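Use these hints to put chains B and C onto chain A, whose structure you have.
Listed below, chain by chain, are the residues.
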Amino acid sequence: MAWYQKEFSLEPKLRGFHLVTSEIVKNVPEIKKISIGVAYIFIKHTSASLTINENADPTVRLDLESYFNKTVPENSPFYKHNTEGPDDMPAHIKSVIVGNSLTIPITGGRLNLGTWQGIYLCEHRNYGGARRIVVTVTGEE
Amino acid sequence: MAWYQKEFSLEPKLRGFHLVTSEIVKNVPEIKKISIGVAYIFIKHTSASLTINENADPTVRLDLESYFNKTVPENSPFYKHNTEGPDDMPAHIKSVIVGNSLTIPITGGRLNLGTWQGIYLCEHRNYGGARRIVVTVTGEE
Amino acid sequence: MAWYQKEFSLEPKLRGFHLVTSEIVKNVPEIKKISIGVAYIFIKHTSASLTINENADPTVRLDLESYFNKTVPENSPFYKHNTEGPDDMPAHIKSVIVGNSLTIPITGGRLNLGTWQGIYLCEHRNYGGARRIVVTVTGEE
Chain A
0 MAWYQKEFSL
10 EPKLRGFHLV
20 TSEIVKNVPE
30 IKKISIGVAY
40 IFIKHTSASL
50 TINENADPTV
60 RLDLESYFNK
70 TVPENSPFYK
80 HNTEGPDDMP
90 AHIKSVIVGN
100 SLTIPITGGR
110 LNLGTWQGIY
120 LCEHRNYGGA
130 RRIVVTVTGE
140 E
Chain B
0 MAWYQKEFSL
10 EPKLRGFHLV
20 TSEIVKNVPE
30 IKKISIGVAY
40 IFIKHTSASL
50 TINENADPTV
60 RLDLESYFNK
70 TVPENSPFYK
80 HNTEGPDDMP
90 AHIKSVIVGN
100 SLTIPITGGR
110 LNLGTWQGIY
120 LCEHRNYGGA
130 RRIVVTVTGE
140 E
Chain C
0 MAWYQKEFSL
10 EPKLRGFHLV
20 TSEIVKNVPE
30 IKKISIGVAY
40 IFIKHTSASL
50 TINENADPTV
60 RLDLESYFNK
70 TVPENSPFYK
80 HNTEGPDDMP
90 AHIKSVIVGN
100 SLTIPITGGR
110 LNLGTWQGIY
120 LCEHRNYGGA
130 RRIVVTVTGE
140 E
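Same order as they appear, the protein sequences are chains A, B and C.
First residue of the first sequence: 0, per numbering that gives the first Met the number 0; consecutive thereafter.
First residue of the second sequence: 0, per numbering that gives the first Met the number 0; consecutive thereafter.
First residue of the third sequence: 0, per numbering that gives the first Met the number 0; consecutive thereafter.
Chain A extracted, bound-state conformation (with noise of 0.2 Å):
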């Protein structure tokens, strides 16, 4: 039975949804010790998000940006929340929708994905920056 804990911040990414499954993995090679348990990724932030979804077609990441942001429109007259700029109200909502947490099986030391699946940085702002994220994994060694 083991616990780990790593902090660390991915690297800036532009406005969009973004493959981070080998950027994540790299920085907790202790997933290599668990033979059943999960790990939990969460990001610390309240403008950009984490999702699973196809690891394959890049066109998928483009899709989710134009869906989102037609469903999640800039400028709604309605935004209270407006003083740092058009894509930061939009920005909380997308998080709320899409979540900051994942929790993934771990397997033989490997996370437990579908052949499809990847882990997505969705990044909501025009300049996010570099995101925090803390990964915990736990289970048998």
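Identical copies go unnamed one by one, so any copy, or any two together, can satisfy a pair.
Simulated crosslink set (DSSO-like; lysine-lysine; CA at most 27 Å straight-line):
#  : residue 1 : residue 2
1  : Lys32     : Lys43
2  : Lys12     : Lys69
3  : Lys32     : Lys5
4  : Lys12     : Lys25
5  : Lys79     : Lys43
6  : Lys31     : Lys43
7  : Lys79     : Lys69
8  : Lys43     : Lys25
9  : Lys31     : Lys5
10 : Lys43     : Lys5
What the hints contain is simulated information worked out from the structure, not anything from laboratory work.
Just so it is clear, the structure is predicted and the values come from calculations on it, not from any experiment.
For chains B and C alone, coordinates are given in the frame of chain A:
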């Protein structure tokens, strides 16, 4: 302190929202051994999702399907990822909105769900087939 | 290695998004005993939800309520589940979108939230009443 992990397939479902609490629980009888703990339920796909909602009136599931079809339409002109059919990109978007994992407390050998809560498989493809699930259970025995 | 679990009710809230970090933390003083671990926060309802977002400017919470009311309207003509009032089916949909549980890392006896992050109870009913919460805490002491 115990860890159990089971990977299995759910029976293929029609497109829509489906109550699967008993289909999942019967695959993980080890839940009964846990006095205090959690169950993590993870779906290894990017076009189907998991949520928790009302376990009683089936019209809730019908209305959820109607709502998501309306808010995530097929054939949006901006979709670039459309080689796998008009239901494919909407399925990816719906999965991102709904989410691909659940964390449920275990108390006294049972999932500690509210009276009206049930686990839903949300099948977003027209022909999604059998969906692969990983349930990880941990806690004090 | 420890497990703690507390089940309690939050004070009834008006329809809307509410900051409840301190109301939750005061019910689980055991968080202070954990050096590395996680807290799982679960709501036992299908018409209220949990999320994490900005803990500072209260207009973020107002704008979230406005956005969700617009994107999940009452009285949509396709709703079949409408015997419990016009706020009922929208509340189920909002709960599915926002989610019913949170997983937060614990580091050094504290929830390891970002500077601007707070826990929100999202009350989607007009008269939701006291909402039942289960917090499970585990980790190394």
